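S.K.: Assemble chain B onto chain A, guided by the hints.
As given, the protein sequences belong to chains A and B, one line each in that order. Each number in the numbering used here corresponds to the 1-based position in the first sequence with 311 added. Each number in the numbering used here corresponds to the 1-based position in the second sequence with 1419 added.
Derived by calculation from the structure, the hints in this document are not laboratory data. As the structure is a computational prediction, the values presented were derived from the model and not from experiment. Any given hint might turn out to be false.
Stated by the list, open to error - Computed footprint of chain A on chain B, listed as stretches where at least three residues anywhere in the stretch have a Cβ under 8 Å from a Cβ of chain A:
hint : segment
1    : 1586-1594
2    : 1599-1610
3    : 1663-1672
Glycine is no exception: its CB is placed at the ideal position from the N, C-alpha and C atoms.
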Amino acid sequence: MNRILVIAEHDGRRLAEATARAVACAQAIGGEITVAVLGAEVAEPARAAASLAGVAHVLTFAAPANAHALAAVQAPQLAAVAVSFSHVLAPSTTFGKDLLPRLAALLDVPALSDVMAVETATRFRRPIYAGNAIVTIEAGELRPILATVRLASFEAVATGAAAAAIEAVAVPPELPAHTRFISVTSQDSGRPDLATARRVVSGGRALGSAEKFQLVHELAAVLGAAVGASRAAVDAGYAPNDLQVGQTGKIIAPQLYVALGISGAIQHMTGIKDARAIVAINKDPDAPIFEAADYGLVADLFEAVPQLIAELRSRGR
Amino acid sequence: MISAMKRILVGIKRVVDFNVRIRVKADNSGVITEGVKQGINPFDEIALEEALRLREQGLAEEVVAVSIGPPDAQNQLRTALAMGADRALLVNHAGVIEPLDAARILLKVAEREQPFLVLLGKQAIDDDNNQTGQMLAGLWNRPQATFASTLEIREGIARVTREVDAGLEVLEIDLPAVVTADLRLNEPRFVKLPDIIKARKKPLDTLDPAALGAAPRPRLTAVHYAPPPARQKGQRVKDVAELVASLAAKGLV
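Looking at chain A on its own, in the form it has when it is part of the complex (with noise of 0.2 Å):
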């Protein structure tokens, strides 16, 4: 049987729903799941691991060496617990890609980057070419099989199942002290997370300003959306890096996306391709984004978004 072992994503106080993705995943392989979280406070994260459904035990890393996701600190851990597994997962977050990798280099075993589909629990597809090409990867006989999962592949499975075991490993007291945590910033904009939200909105250059970029925000929040960006904006210093939707961004999975003022280059493409409708709006008739959008929308956007608040709140949003 597979024993599957899902890398938590956390911050010490609440699962990130990028997990409750991967362990989809993991059920998409099929076989018995267990969640591993290293952290300095674990018990809330594994007590929400441990409520998800398919998931029947939790093994907590619980160390002042982990306050913070250092690869480097984390990878040997794992490594030690890794081996009595048949598959590793990891969501493709900045945290997993960081993590998974450096994880297989000390199993000495390769990895897959992005699962975006399981055919079989050793045979998954992956993108590749800024998603303008799917692979299918067969891995045969190897054993760990180290991947990441693409979060807009996979629905969260339901939380609220009965609670699986929790159990503390020990974590080993020499661990590397050459990678230190100085610091983190995020610009909290009080909108629903980017990775996950059902409906966002993100602008492009043609915003022209931080000031004007403002507008996105307006009609976010009239929408309930997360806010994104393209990467020209996100150069441009209209909006933060983690806001950046596309290849090298976040990859998503709305049911509504709506780009306003951003031309469509394929790198950004390929993060929204999964979103189930993409509205555009641009004043350039020939923007490859209308080749992709299910509503595309030629105006100037600075006349149409404040004409889209106004009809949506005329309609009681």
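M.R.: Chain B in isolation, oriented as in the chain A frame:
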């Protein structure tokens, strides 16, 4: 063994140019790369630029560009030399290379060259794996700072700002270490014609992975390639009212 010069090793991967829209072969056996424009992986160009700036600030003495690829990858290494790398190494390997094999080769090169810093792109835009730097750091048992958007070198340590999902994270790492470049680390310089001519005279050595003790041993099999599922063609709406009506009809607002 080479003397303990303050050296930076930079990885240069030859990839299909980022402007090319690739196509899958009719028999689903791969992606068409023959006759397609090739270039340096854009993230590797950023890594190289950062190494050159560190040398120009006097924080490094030598920048060595290393590629793992076919003989044609010499073209990308010549471009790296024209940008300003001091010398180049080509580790001969034809075909796809798995990140773990690339990391094993880079480890052997790092052991020979004794760099205080290895700078790589965070991912290659062909296989989009985003693994090699992390794997090299793991095999080397040294720190890693991935997705770097700023890099400061001080005596024996580096302070790196990383672009993470939560925002910007700052790490301090002991050197030697592996740093992988994200898009906003810098804007690479353009190559000037005289530099291209000068680059022809710079040393470019060829190495064999087996002789390095790191012959590739691929363990994953790509069994099928396919184009992505196409999205259905959408509709143009004439104004905001029609847009909202269409969205409302689908229950999207």
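S.K.: Against which earlier hints does the structure fall short, listed by number upward?
M.R.: Of the numbered hints, all hold.
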